[in-house]
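Mind assembling these two chains? They're in different frames, but the hints should get you there.
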Amino acid sequence: MAQTTDKKISANNHFAEEWVGRIYSTLCVLVLVTTIVAMVYFVASRGLSTFFKNDVNVLDLLTGLKWSPEGQPPLFGALPFIFGSFSTSMLAALIAAPLSFCAAVFMIEITPRFGRKYLQPVIELLAGIPSVVYGFIGLSVIVPFFRDVFPGQGVGIAAGALVLSIMILPTMTTVATDALASLPSGLKEGSYALGATRWQTIYRVVLPTTLPSLMTGVVLGLARAFGEALAVQMVIGNAPFVPRGLFESASTLTSAITLSMGNTVSGSAHNNALWSLALILMVMTFIFVFIVRWLEKRSKL
Amino acid sequence: MKKTVTLIMAIVLTFTLAACGKNTNNGGNASTPPATNSASTEPTTEPTPEPKKLEGSILATGSSALQPLVDQASKAFMDANSGVTIQVQGGGSGTGLTQVSEGQSDIGNSDVYAEEKLDADKAGELVDHQVAVVAMAAVVNPKVNVDTLTKQQLIDIFTGKVTNWKDLGGDDQKIVIINRPSSSGTRATFEKYALGTKTDDLQGSIQEDSSGTVRKIIGETPGAIGYLALSYLDDSVKTLAYDGVAANEENVANGTYPVWAYEHMYTKGEPNEVAKAFLDYMMTDEVQDGAVVELGYIPAKKMQITRDIEGNITKK
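Residue numbers (full-length UniProt numbering), protein chains in the order written: chain V, 1 to 301; chain R, 1 to 316.
Here chain R stands alone, though its shape is the one from the complex (with noise of 0.2 Å):
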């Protein structure tokens, strides 16, 4: 019984969020799918003349971030093994993980730790898969006439302390900050590695969590800051050293430049036998060398440190 209603109330859900355009984020599917997609697997009848052909279905959701790249990934791998079918789906690197927890989903793309975001023990159920590695850039308005700014100075803006470009060396001008939400992985990320404290919303800063958006909103408004993926950036906006380094790939992989996450893939336990194939197929040069650096992320291989969630590194 209860669990038809579950799936009543699924079903509606799906209809209601697609309806009323929870889509904000580049190509993020919001609606969240129905408590079905157990491998649906159905024996073939014909004996198979490969012993070891994959076959069922997976479900990945979460991380809009991450998605486009397990969308191209899962592409190229269904294009490989024609029995396997994978379904990869946005909602934010919470709803993947809520929805690998309760599994709903076979894998939950996050751009965060699950310590950070589930109870301690529903943590502990999941299986961590680094993928990738994704670094944030401050960015601001081409016409700012500011080139690198400082941990004290980044905290100074975006606590509100400092409030006019001109304490900064620049013209002028007053500062915009364009956020993301507070419960943001792209936010979290920043905040941690970037400002090193979390940081209050302010009165009169936009907030928005697309990274699409933000980018034209920072492109547009004079004196505006914010923060964005590597991937993301263009001529439109103009990209900040941060202490004096810059943000580039090389400098990430050593170590240098600290603003930068994992992009993780998580599964509860450890991953059944097609969700392993999958995953073990993006670690593969293929991909890491394909799809990771064409999207812009870099290769977790490439990286020559680790860290682990309380930010210690250690050189590999």
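One chain only, chain V, in its complex shape (with noise of 0.2 Å):
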């Protein structure tokens, strides 16, 4: 008889911890939803009464090369900008993916031990210096130094992409080497048991298989690089034009919505404009993200 009751009490209370459970995790996931929507809904409310309020026509402000929102008549050219964010970042991821590959493949083939206990770290570390560090580095290292070596100004596409790579290293690291360590270790072994040396089986096996999840890294670091504002702004110089040369003073999405963001009134054409950059900008983030998912499908092993 004891026994029943116990049984009941502790169903009841398992009953109760079911109900929490599922209550406080609907609440999150409402606050999440709702956070995401609002977002949403405010930048494309802004972003989008630039063609409508304003009257600026899509395609000029995807496709037009001058931006000059103060003059008379205003134009609204944003081309400069999405070319300066693409090149950036795809510079970036340039330089990057080659060297966390290589970093991933060392810290898991070559030294697994130290490897993933002293260098992961110290590579993660990077992801927590402030941006502002990464942009102070780059105005007073790497600015005057690509201005001491390269004709040109030293700021631009070179530096942006430059400051931007190592950024992005750790995100890219970290999908890298977990990658790498999730490889089943039945596939290395047959190669191995083949005959095949180590650099054959890295080379052979171990990359091509991975390769998707490799993929993931690089784009979610591109995402990274491309949301990126303060660094980029901090050593790009800025110039609203399509640079003619990798240093020369270029501007990118969002260096242009920071620089002028908080000078201009709420309403204004210029205003207006600024959030249709910023919608452009969300845009290509989820575009980002449905690559990483098609991607991620694909590396299912």
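Quick caveat, the hints were computed from the structure, so don't treat them as lab data. Hints should not be assumed to be uniformly reliable.
Some but not every residue of chain V turned toward chain R, in silico, with C-beta under 10 Å [as the list claims (entries may be wrong)]:
{"no.": "1", "residue": "SER10"}
{"no.": "2", "residue": "HIS14"}
{"no.": "3", "residue": "THR63"}
{"no.": "4", "residue": "LYS66"}
{"no.": "5", "residue": "ILE137"}
{"no.": "6", "residue": "SER140"}
{"no.": "7", "residue": "ILE142"}
{"no.": "8", "residue": "GLN233"}
{"no.": "9", "residue": "GLY237"}
{"no.": "10", "residue": "ASN263"}
{"no.": "11", "residue": "VAL265"}
{"no.": "12", "residue": "ASN271"}
If you want the ones that stay clear, here's a sample from chain V, every Cβ over 12 Å from chain R, calculated [what the hints assert, rightly or not]:
{"no.": "13", "residue": "SER25"}
{"no.": "14", "residue": "THR26"}
{"no.": "15", "residue": "LEU62"}
{"no.": "16", "residue": "LEU91"}
{"no.": "17", "residue": "LEU183"}
{"no.": "18", "residue": "LEU194"}
{"no.": "19", "residue": "LEU211"}
Residues from chain V shown here face chain R by an in silico Cβ test under 10 Å; the list is partial [to be verified]:
{"no.": "20", "residue": "GLU70"}
{"no.": "21", "residue": "PRO73"}
{"no.": "22", "residue": "ALA239"}
{"no.": "23", "residue": "SER249"}
{"no.": "24", "residue": "LEU259"}
{"no.": "25", "residue": "THR264"}
The beta carbon of each residue, even a glycine, is placed where N, CA and C say it ideally should be.
Structure, rendered in structure tokens:
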């Protein structure tokens, strides 16, 4: 008799737990979803009013070469920013990808114990440095170096890409390390059993099998580079033009937004145009997310 | 319902803006405050002995050029009036004007006249309080051996007609323009009073918003030219005279040096009791001879001339 009541109480307890857990997690999800919907709505409503209220043509914004929102007449050509954002983040990914792949291979395949224990935390430490520090280092070290070595001003896409490549290195390396570590050991052992050397195993078995996961890391890094504002703004020069070279002042979507957002009055055409730039950024990030999802589907072994 | 949505958005925005580091100005706090800042005065339960004790909290947002002054003055004011809380935030002149016009902050700090940014009817609701004057000077890299530029020479430089210092009597060195973004109040002042014309952004020019960064780049880049508020001048850059007139406090005060602007603190309608007391305090000798001078501004009362929004100058 006593036992059954005990059971009943504990069953009731579990029932309550079940509901508490359920309600709590539902609440959390609700907060998340509201946040995301509110964000998207906010940016979209401001960003789209450029086209509806200020009568700016969408195509003019996306393909126009001249950005002069305070001019007479005001011109809103955002192509220089779009070009700047793509070129800096692509170039950064191009620099960082080989580095992060090699770092991951070194940590997992060559010195597994030392690598995972000491090297990985050190690389992940890079992610904890505030972006203003990267920007300042870029401005104090990289820009003067480029100015002395290459013809041009030092600031520009090259400096921006180099700063960004260091910033996205931890993201890429972490994803690559996890991918390499999760590779079933049977694959490697099979390769060794067939007489392949370590290098052959890495080059012919490990890297091709994990390639989709590695690409996920690259795209995540690309998205991070795309959205970074402050560090890039400090080293890229911010002239609203498509530059004639890697070492000439250029501009990205984020740097254009951060430079002018505080100085413009909300509701003005200039301010709305900046929100349109933010909308472009957001759409691009969504596209990056979809690419990651697609790559993840392919990477399932 | 609409209010709730706005509030949620404001909170979300605060977090995102803070996270993505929009903090470009020197100590400028870019995050927009949630739309709640009205005086949180809770009457004390016990009767206060002094009949006129100031209580309440006010929020001042806007210009990062004016922020250090307001910040310092507000600290002294809060020390003297324990019941008062004053929050000072940056964000830029545009933000300050928007927020004071929409009633989100009590005081909007601005480098420019409200009429230049807001619609006429919105600007008409705002009351201007000119607390100080800030002057700007054209500065160049120390290695540039040019000491003075005329108005026409400056126009030629900033419109891209002249691209080499040798055409202005200097060495054979390419001119690198360090400009401000086209929306900046500093740039508006410089264009209006030094150049007399709006200029387009030039290919290859560098744009930075923060005065500290501008000074750093000018100091390091050979052949660089830009402009800075007098409070930012130091040995790392070379200050140019304008039409032969040196940029200093005396020349600004007597009207011979034209490149300066009022620093405005706007309120919507007449200020409330606390804001009025604070604005009055800003004009006292304690602030005008203390913080204003200390931080490199020029006291409003020292000016021997006044200038209206159209640029008409009258002797005091």
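Subject >> SER10 (chain V) as chain R interface residue, shortest Cβ-Cβ below 10 Å >> reply: violated (40 Å)
Original post:
Given GLN233 (chain V) as an interface hint, is the shortest Cβ-Cβ distance to chain R below 10 Å?
Top reply: holds (7 Å)
Original post:
Quick one, is the ILE142 (chain V) hint okay against chain R at 10 Å, beta carbons?
Top reply: violated (12 Å)
Original post:
Against chain R, with CB atoms and a cut of 10 Å, does the hint on GLY237 (chain V) hold up?
Top reply: holds (4 Å)
Original post:
Are SER140 (chain V) and chain R close enough, Cβ to Cβ, to be under 10 Å, as the hint says?
Top reply: holds (8 Å)
Subject >> 12 Å Cβ clearance of LEU62 (chain V) from chain R >> reply: At about 19 Å from chain R, LEU62 (chain V) clears the 12 Å cut-off, so the statement holds.
Subject >> Interface hint for GLU70 (chain V), Cβ within 10 Å of any Cβ on chain R >> reply: GLU70 (chain V) check passes; min Cβ-Cβ to chain R is 5 Å, inside 10 Å.
Original post:
Hey, does SER25 (chain V) actually stay past 12 Å from chain R on C-beta?
Top reply: holds (20 Å)
Original post:
Measuring from the C-beta of HIS14 (chain V) to each C-beta in chain R, is the shortest one below 10 Å?
Top reply: violated (35 Å)
Original post:
Is the Cβ of LEU194 (chain V) farther than 12 Å from every Cβ of chain R?
Top reply: holds (50 Å)
Original post:
Given ALA239 (chain V) as an interface hint, is the shortest Cβ-Cβ distance to chain R below 10 Å?
Top reply: With a minimum Cβ separation of about 5 Å from chain R (threshold 10 Å), the hint on ALA239 (chain V) holds.
Original post:
Holds or violated: SER249 (chain V) as interface residue toward chain R, Cβ cutoff 10 Å?
Top reply: Because about 5 Å separates SER249 (chain V) from the closest Cβ in chain R, which is inside the 10 Å limit, the hint holds.
In this structure, the hints that do not hold are numbers 1, 2, 3, 5, 7, 21, in rising order.
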